[in-house]
Amino acid sequence: MQHTTPPCDSWLSGWTRLSILALLAVLALPGSALAANDPGDEVITFTKDVERILQENCQVCHQPDAIGPMALTSYEEVRPWAPLIREAVLSQKMPPYQYDTGVGIQELQSDMRLSREEIETLVAWVDAGAPQGDPADAPPPVAWPDAAAWGYVDLYGPPDIIVRSAPFDIPANGQDTWWRPTVDTGITESRCMRAIQTKPVLSGRAMTHHANSVFVMPGDADASDDDDGAASQGGRLSEYALGKLGEIIPEGACRTAPAGSQVRWDIHYYPSGVDVEDHVVEVGIWLYPEDYAGSYRQDLRTYGLQGDIDLAPGGTAMTQGFHSFDHPVRIDSWQPHGHFRMVAGSLEFFYPETGRRELISMVSRWTALWHHSHVYDEDVAPLLPAGAVMVLTQWYDNTANNPINPDPTVWVGRGSRTTDEMSHNWIAVTHLDQEGYERIVAEREAKATPTTD
Amino acid sequence: MSIRPAARVSAATPALVFALAVSAATVEAQQPAFPLAPNPPTGLTVSPFFEGWFANPDGTFDVSLGYFNRNSRESLYIPRGPDNFIVPAEFDGFQPEHFPPRRVRGVFTITLPAEMVEAGQRVTWTLINRGDTLSVPAGARILSYELAYGPMAMGSLPPVIRFEAGGEGGRGPRGIMSPMTFRATAGAPLTLRLWATDESMRATGASFPVGVSWVTHQGPAVATFTDEVMTEEPGGGEATVTVTFSEPGEYVLRAQADNFDAPDSGAGDQCCWSNGYYRVTVTPE
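Chain order of the listed sequences is A and B. Going by this note's numbering, the residue at position 189 of the first sequence is 574; the numbering climbs one at a time, nothing skipped. Going by this note's numbering, the residue at position 57 of the second sequence is 357; the numbering climbs one at a time, nothing skipped.
There's no promise every hint is true.
Derived DEER-like restraints, expressed as beta-carbon distance ranges [claimed, not checked]:
{"hint": "1", "chain 1": "A", "residue 1": "Val568", "chain 2": "B", "residue 2": "Arg380", "range": "47 to 57 Å"}
{"hint": "2", "chain 1": "A", "residue 1": "Val568", "chain 2": "B", "residue 2": "Arg402", "range": "30 to 40 Å"}
{"hint": "3", "chain 1": "B", "residue 1": "Ser513", "chain 2": "A", "residue 2": "Phe710", "range": "32 to 42 Å"}
{"hint": "4", "chain 1": "B", "residue 1": "Pro400", "chain 2": "A", "residue 2": "Ala678", "range": "45 to 55 Å"}
{"hint": "5", "chain 1": "B", "residue 1": "Pro400", "chain 2": "A", "residue 2": "His816", "range": "38 to 48 Å"}
{"hint": "6", "chain 1": "B", "residue 1": "Arg402", "chain 2": "A", "residue 2": "Phe710", "range": "48 to 58 Å"}
{"hint": "7", "chain 1": "B", "residue 1": "Ser372", "chain 2": "A", "residue 2": "Asp676", "range": "31 to 41 Å"}
Simulated from the structure, these hints should not be mistaken for laboratory data. Where a beta carbon is used, it is the ideal one built from N, C-alpha and C, also for glycine.
The shape of chain B in the complex, shown without the other chains:
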């Protein structure tokens, strides 16, 4: 067995790779320090994430955005404003203010006009938290980041979300906004409902259950969701939830419907889930 003396390798190695390739030298740097310290569960930052872009039938383009909250046990609240903004300012306003832990994909989209995309212009979302300024640009020019919401390989489509049975539906990260603004009183429960159905085009005819979850997208405090009811029958159906607000204010809640049980559907695959948004005005008790 001919194990030769170990080269010393460091985290800087990748940066050296191509220079070393030119000189045909053996990698020669420092030993990596290990074990790596695991991240603490709290006290870390959240970064905005560009998921990709997709073309719309009207010639515009949508960019899909999510985030990565590095904490495993801490949600962050970053209100829109100087610490949470999108430029150009005309695209600012619908980004989330509440960031539950870990990587959350495709929580909202921004529609870009065709001429902006053709000019190679992008929007930039910035989150300033814990002393760090963390930004990401989002555009629709790089093919590697193209998203598509036609049938996936096995026929899966993002579930359709409707706010009333038989009503207008929306699907994908762009999703659909409830046509009405709900009203609630702080401390008093409000029941919300939607219809989330798996209308995929699978050759096998298979149908999968639809999962639905609710989160606070915008608002001065995190809403409390209880009594979630969702059918586990394949194909989905009606879902309800009870939500209570601790503080008055203007809220946007996000419902996410997915068919992640399908073999060609998963968050890491960027398909198949849909966003449904509710506007809620909460008045004091």
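Chain A with its partners taken away, still in its complex shape:
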């Protein structure tokens, strides 16, 4: 499990508190089947077993002045919340990474989920009375980086290129608004991008619903930031939605940052009661070496789900979309997108020749508060043969049971505002040819073949 600093947004504390209240309400429910320490077992303690897990998975947000509604950096801070922590990890509400465990591809980059062992340790510790243990067993405290730091620094160092939007004054009140400036990039040489992170400056991160960007070239002056960037010659740079960390382009693929390009932003701000002056969104670009070309083109675009979004007051709905390619592709990442009423999404493959269906990924506890681009480990990134079909499904809940539903009494349809709904997936696709597809299949089969030493 690779631990990567999750993005933190100060406004989430209110929603997090809602979640906590919901969890408190269920504390009386029967616990899990996970057993407490048996007599004779070594006692699980905070200092010896639990504090490390909290450091690696929780404290980035649960520290003083961070977004978590409480700090979890010491035994004294953690102990009162022990029952809540038990339920939060059992329900997988925390850490806030909603990808389903147990179905579909499980090997992901920047996966924030706790392992089964970590969950069992935390539960057993609470069930045993949450003992502190010997302070001498405690791991050294963690020196957390600045919350404004770039997320991929540990992997790739600082970004090679940083492109900033033009500043914007976010109003405290009023309706959603869309800021679409065009800025220079300073890129003088076309290069393949290795990773991309879009990062709203902290002062307005909570109000930044999305911040998408496309490269525009001379002559693209009138091109709009449409869903797939097709209106610009430069193609899409990035997509950001609240809570998203970033994107990684796997080795062998190339998504180009073109020389001589500008970046056209499409930043959707959602006022939340605080004026923010001169807010800026940055996109950090990490590049592959100059001599890297990549064998295949990768792109990131949206794949829409067809049909109306037609949510009755107090109702639920489902949308579905179907997409295929005339050449084989590798799906590098999958990110469902919706707003307040969307609660689940899935990616399946359908093979018309056999009628077989295969569930690739599922998020059955999706929330608009955290948008994750689920980046598959390179060795398992799903391969879609030419003619096979991606089946994208999303579910919506406009009832009062949806804890972030602003108003379950109104009709909800498709629209740009946060109170409207959307239905699409951002998917990074490496476009292969048959030779490349067969080579990857053969390499994976060779890795899977047991050796006879």
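Here the structure of chain A is known, so what remains is to put chain B in place on it, guided by the hints.
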């Protein structure tokens, strides 16, 4: 590659989400049925839609309402009355009776007094069609539904509609009503005009063309609009249309002026368009 056995998932899954979260169980339900059948182009219903609310300088609040006609090729006519009404009754009367296809945003507003909003009271618009009773409440308390018609991020404002050059202007979904009631004879063309100008406050100084369209808002039959003339010059200008009525009666026509070519203007964004209304009395031939 470790693809695990697929969980069975159904449309009921979202309702189960939080219960399952508590029990930490894997989603376990039925497979979704797909492909989904596309909607037919006719025979479907129309629902009222609450778009949002905005505060007025005099302390009142306006709620903006539109609709969603699920048909792609069928307009519906639902006359005001027992199948098309707003309660409390004092707010009934200006809702549309004609519903062209698909989602149409912000076709009229209702002004609510401050004390009603402070008390948390709402109005409810109900459309009964094809056996379904479809309602929506509209109030001004939920911040998520606040609308604002100051300059948008890039400076766009709803175009200003005037019924005579240099006359009083109105903009936004609340719009403006023509000061005069027009008179026409059934079957005889009537020419209507307005001035729709983009008076946005863009830092770049850019100006965009204004689009104008006309629809029948109320009346016993759908009016026919022809010979629409609107300048394509940036900034807008005078627009005219010829309208013919097939049946006598009292009509309200709605002109919508927009600057949707601007980068921060679009129907889905809830900005920037304006409504202009004409009252027309049509007498028999």
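Hints and how they fare:
A beta carbon spacing of about 51 Å between Val568/A and Arg380/B agrees with the range 47 to 57 Å that was offered as a hint. The hint said 30 to 40 Å for the Cβ distance between Val568/A and Arg402/B, and at roughly 36 Å that hint holds. Look at Ser513/B against Phe710/A: about 39 Å separates their beta carbons, and that is inside 32 to 42 Å. Checked against the hint of 45 to 55 Å, the pair Pro400/B and Ala678/A passes, with Cβ atoms roughly 53 Å apart.
Under the hint 38 to 48 Å, the C-beta atoms of Pro400/B and His816/A, about 41 Å apart, fit the expected range. The supplied range of 48 to 58 Å is broken by Arg402/B and Phe710/A, whose beta-carbon atoms lie about 30 Å from each other. Checked against the hint of 31 to 41 Å, the pair Ser372/B and Asp676/A fails, with Cβ atoms roughly 53 Å apart.
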